[in-house]
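Chemist: Sequence:
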Amino acid sequence: MALFELVWRVLHTVLCLHRTLSAWLRNGMWAWKRWNPASLAFGFQNAKNKGQSRRARWRSHGRSLKKLPLHLGLVVTEEESSYTDIANLVVWCMAVGISYVSVYDNQGIFKRNNSRLMEEILKQQQELLGLDCSKYSEFLNSHQKVEQVLSCPTTVKVLSPDDGKADIVKAAQKYCQLVAQQQRRSTDLNVNIMDSLLRESAFGLPDPDLVLKFGPVESTLGFLPWHIRLTEIISLPSHINLSYERFISALRQFAACEQRMGK
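Letter by letter, the sequence shown follows residues -22 to -1, 1 to 241 in mature numbering (1 follows the signal peptide of the UniProt record, and there is no 0).
The reader is advised that the hints may include incorrect statements.
[As the list claims (entries may be wrong)] Only pairs whose alpha carbons sit at most 27 Å apart, straight line, appear in this in silico DSS-like list of lysine-lysine:
{"no.": "1", "residue 1": "K101", "residue 2": "K89"}
{"no.": "2", "residue 1": "K44", "residue 2": "K89"}
{"no.": "3", "residue 1": "K143", "residue 2": "K89"}
{"no.": "4", "residue 1": "K28", "residue 2": "K101"}
[Claimed, not checked] Simulated restraints on C-beta separations:
{"no.": "5", "residue 1": "A34", "residue 2": "A158", "range": "33 to 43 Å"}
{"no.": "6", "residue 1": "A144", "residue 2": "A234", "range": "32 to 42 Å"}
{"no.": "7", "residue 1": "S164", "residue 2": "N91", "range": "36 to 46 Å"}
Keep in mind that the hints were calculated from the coordinates and are not lab data.
Just so it is clear, CB atoms sit at the ideal spot from N, CA and C, and this is done for glycine as well.
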């Protein structure tokens, strides 16, 4: 009898523990399910609000400048390339209101890995500006325009040493054809005619107003050789870990300079 009573008590205790544990798990799971979506929604909304605030602040910085470059070139002359830092620069350009951005390195690394740079730019758009990159068009490779959810559309092109030089060759070939057809004389060639021929090429960007050159090399290493005759060039030590403050400082430096258009 004593053994039977002991077994009964043990079974009763186990059953009570099982019921208590089951109830605790049910309540805990319900509370977690109830809390978790709200927590995620709060985190998403918080990030979205930060992005909106950042967009408004950066856009006000762009509007406060006396002038903005219509086309800004990012020229990397360093051996090491950072996709994240270049993506940050592109997104900053979009945010302040720059219409055209070109990315260049003399080894053609960014152009060969254009899809990787695309992904990084869309990622940084989402992280920095709170924009849902899934809603946007595909980042262009060479001849497409991307509408961003900003107050101005931004065109981004990734260039290599082949770009620009090929346009000059095409323009020269076109002029030779005109001479052969007796529509021009060989002695007629001048800067204005060359400019006109280059405008007819498929390159599709206005000449850069400003180039930010990164690295110790005192050269743009073949970046659009004809198109930067009147371009303001600002040299910075590196694009890696470049801050937004340094970027906007370079734009202020450009806004304060007087461009004499070759005079």
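Chemist: Which numbered hints does this structure break?
Modeler: As far as the earlier hints go, 2 and 5 are violated by this structure, in ascending order.
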